[in-house]
Every structure is written in structure tokens, then in C-alpha cells.
Amino acid sequence: MTDSVALLLRRGALGPRGGQRANPPGEPVDIAIADGKIQAIAPQLDLTAETELDLAGKWVSPPFVESHIHLDSALTAGQPRWNQSGTLFEGIDIWRERKQSLTLEDVKTRALAALKLQASQGTLFVRSHADVSEPSLIPLKALLEVREAVKDWITLQVVAFPQDGIYSAPGHAERLEEALKLGADVVGGIPHYELTREDGVRSVHRIFDLAEQYDRLIDIHCDEIDDDQSRFLEVVVAEALRRQMGERVTASHTTALGSYNNAYAFKLMGFMGRSPINIVANPLINLTLQGRTDTYPKRRGLTRVKELWQQGINVSLGNDCIQDPWYSLGSGNLLEVASMAVHGCQMTGRDELRACYQMITENGARTLHLGHDYGVEVGKPANLIVLDAADAIAAIQYRATVCAVIARGKLLVSTTPPQITWQQSL
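Residue numbers for the sequence shown follow my numbering, so the first one is 117 and each next one is one higher.
Hints are computed from structural coordinates only; laboratory data are not their basis. A few of these clues could be false.
What the hints assert, rightly or not - No farther apart than 20 angstroms at their CA atoms in a straight line, the calculated lysine-lysine pairs in the PhoX-like style are these: (1) Lys257 to Lys297; (2) Lys383 to Lys153; (3) Lys267 to Lys526; (4) Lys267 to Lys496; (5) Lys267 to Lys232; (6) Lys267 to Lys257; (7) Lys414 to Lys383; (8) Lys257 to Lys224; (9) Lys526 to Lys496; (10) Lys267 to Lys153.
Said to hold, decoys possible - Listed next, with one range per pair, are the computed distances between beta-carbon atoms: (11) Tyr412 to Lys496: 32 to 38 angstroms; (12) Lys383 to Asp331: 28 to 34 angstroms; (13) Asp222 to Gly152: 31 to 37 angstroms; (14) Gln513 to Thr203: 47 to 53 angstroms; (15) Leu191 to Ala285: 25 to 31 angstroms; (16) Glu493 to Ala285: 47 to 53 angstroms.
Even for Gly, the Cβ is constructed at its ideal location relative to N, Cα and C.
All chains should be built: construct the whole structure from the sequences, respecting the hints.
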């Protein structure tokens, strides 16, 4: 390494895996970045830099990882109407209406706006589902163009997602395969929305066949329903075990797991640990969508995040929606998602709080199959964020401002934390 680097971060608090502080308080480290990679991490580096930032003890973390979002529908809330029932199925109906007016520019403009919103809040890796139910494949084609447009500052994975099912109408199965030929990174599915149990099982088998044929990852919307008899997760787990594909397989939502009887749920979680598949929970959305037909007691509607984590199963978290037919709120902030998981899943222990932070960082990296390039370590690509917080717990507690976002070794975004000024002495 030369005596001069492109970017030098001074006096940062470095967080290792697990969300704890790596260096003791009062012993900050410097991080030297050049040629897009982290060149050195040590106290008081004797270097000069083209750009130097004094972090003043702020916490340095790997960037957030968005494990599950729908960029094709982002920022469409109220178009053509509002979801008055708040249910998943009314949201699907509204989206079916909105899809008729989609254009490439419409989807690209909204997706790019949503990605900028997320990147400004520390997210540099995103997996987005693209609806491939319509013959035009506009959502998929648009997101593939966006993937190329943002590649210098964000990594975007695109899932070919058959929103209306694979076998629910003629042509859907063929369009799913066409989406993979066009370049989708991941095969998606929605077995609980197929017309019959048999079609749902058949759809899971088809998804695995396509993933093997085209060498793609798998991410299935699985059992996102309050019905305790919706049991496609067991089919996904069985296929992952038989084909030894577990680490490449993700089951998203799995909210019915929260409604299963305990004997069955824990048996299934044992199989999940053996597989070993990934689970994505979306607490903002499923806390509001699920339980709509319940009186009281009213279920929380989330999958068993705490129990899955305790079983050693990889669980990550996603926003799912940003202002769309299913959820009219949402800012793309993954710290808000982690906070909601803390509350909805009752994960308030210190290790549990740190685990929720891992679910939007390291665990998400495992879900997206990012490999060894993720993390703040010498030799790795310089993708990192600086938070106005002491550690992971404080970041969640205060929804800490992301003061700096470093992408591919360059400063992408800087944000000044809000300043409070008292006008009277108290």
C-alpha cells in the first residue's frame, strides 16, 4: 500500500460480526480505502488521502442488505385505489388493476427512486421480486435495466416472481422460464396462491427444476396466509434436502408457521436446520396484513423469528413494500424493520437485539448468497456505512442516522444528524 489512498476514515468505532463493538471505547481505528477495496484498518494510520473523513467515534458497519422487496410496485399506493380492507388479497387485486398501465419508464423511474431512498439509508444490496404474470414482462425487463444502471453503487438481484401463480392460468409457466432466459437472478413462486394443493406442490417442484437447469437461486413466497393447513414450507424443505440446495433456497414470509401447532412447527424447524434453507420475515407488512379475519385473541401474523434464530436457522428481514397496494407506509429504512422485529417477535434480550441487527446485515448477505466479499475487513470491497450510534443496539433504539455510505470505495451519500437546540435553559 502506498502512503496515499483515495479515502481515509479517521477515528471510527468498528463493529465485528454480531453487532458488538470491535475496538474498546476510546480506541478508535482508521480505515484506508483505495482501488475500491479496504487496504488497512488500524489506529492512527500514517497516511494521506484525497478525501479524509473524521468519524469522531461513530460506528462503522457493513451495509444493510434488503432481503425482500417489490420495486416494481413501489410508490404506487392509492393507484388506482386504496386498500381499504388492508388484506393481502385486496392488495393483489389492486395491483392487478395497476399493472394494466405499467410502462418500462414508469417502473424504472419508481424503482430507481426507491433504491436511492434505500441507499441513502445504508442499503447497498437488494433482492427485488419482479412480477412475471403478464405477457409483456414489463416489471422484469424494467428491473433488469435498473440492475445495470445502478451496478456501480448498489447490487440488485432480480427474482422472477409469478405473482398470480405458475399453474393458475395458461402461459404462466412459460413466462417464468422466459424470465430466466432474459436474465433473472432468482426463481420465485407462490404455491399457496395456486388453485389447488396439488398445483402448489407441482409449482415447487417446477421452481427447483428451473433453478437447477439455469443455475439460479430460489426465493419462494411461501405460506403467506393465516391458514394453519397451508403447508408448502415442508415441500420446499424436502426438495432442498433431497437436492442438497439448501443454502441457495429462501422461503419468504412463511407466516403460517406462526399458526402451526407447536409439535408440527418444531418438527419442521428441525428439518429446516438440516436443509439448511434461509427464511425471510417482513415484519412491517405481515403485522398489518395478517390476522385480518381474527377477532380476539388476534395473531401477530409473523413467522417464528425468535424460534428459528434459536434453532440456528438463517433468518433475515425485509421491507417487502414501500408505499404500494399492500402497505401505504414505508420509507425503506431497514432499522425500522429491525425495530419492528424486536417488538413483534419479542426479541428484547441483549443478544436478541444484536441478532435483529444481524438480520439486516450478515444474515441478509447469506440469504443473497453474497459470499466472502461482504464485511468490513482488509482486502474486501469497500462497502460500508457510518452510523451515529455506539453499536447495533443503539442503532436500532434510536433509528440512528446513517451519516456516510461508502459504495465501491467511494463516498456515495453523506447525511448530517439532526441537531437539537434548546431555546430556554431548563
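Here's how the hints hold up against the structure:
{"no.": "1", "hint": "Lys257 to Lys297", "in the structure": "11 angstroms, holds"}
{"no.": "2", "hint": "Lys383 to Lys153", "in the structure": "44 angstroms, violated"}
{"no.": "3", "hint": "Lys267 to Lys526", "in the structure": "13 angstroms, holds"}
{"no.": "4", "hint": "Lys267 to Lys496", "in the structure": "17 angstroms, holds"}
{"no.": "5", "hint": "Lys267 to Lys232", "in the structure": "13 angstroms, holds"}
{"no.": "6", "hint": "Lys267 to Lys257", "in the structure": "16 angstroms, holds"}
{"no.": "7", "hint": "Lys414 to Lys383", "in the structure": "25 angstroms, violated"}
{"no.": "8", "hint": "Lys257 to Lys224", "in the structure": "9 angstroms, holds"}
{"no.": "9", "hint": "Lys526 to Lys496", "in the structure": "14 angstroms, holds"}
{"no.": "10", "hint": "Lys267 to Lys153", "in the structure": "16 angstroms, holds"}
{"no.": "11", "hint": "Tyr412 to Lys496: 32 to 38 angstroms", "in the structure": "50 angstroms, violated"}
{"no.": "12", "hint": "Lys383 to Asp331: 28 to 34 angstroms", "in the structure": "32 angstroms, holds"}
{"no.": "13", "hint": "Asp222 to Gly152: 31 to 37 angstroms", "in the structure": "33 angstroms, holds"}
{"no.": "14", "hint": "Gln513 to Thr203: 47 to 53 angstroms", "in the structure": "32 angstroms, violated"}
{"no.": "15", "hint": "Leu191 to Ala285: 25 to 31 angstroms", "in the structure": "27 angstroms, holds"}
{"no.": "16", "hint": "Glu493 to Ala285: 47 to 53 angstroms", "in the structure": "48 angstroms, holds"}
Checked against the numbered hints above, the structure violates hints 2, 7, 11, 14; every other hint is satisfied.
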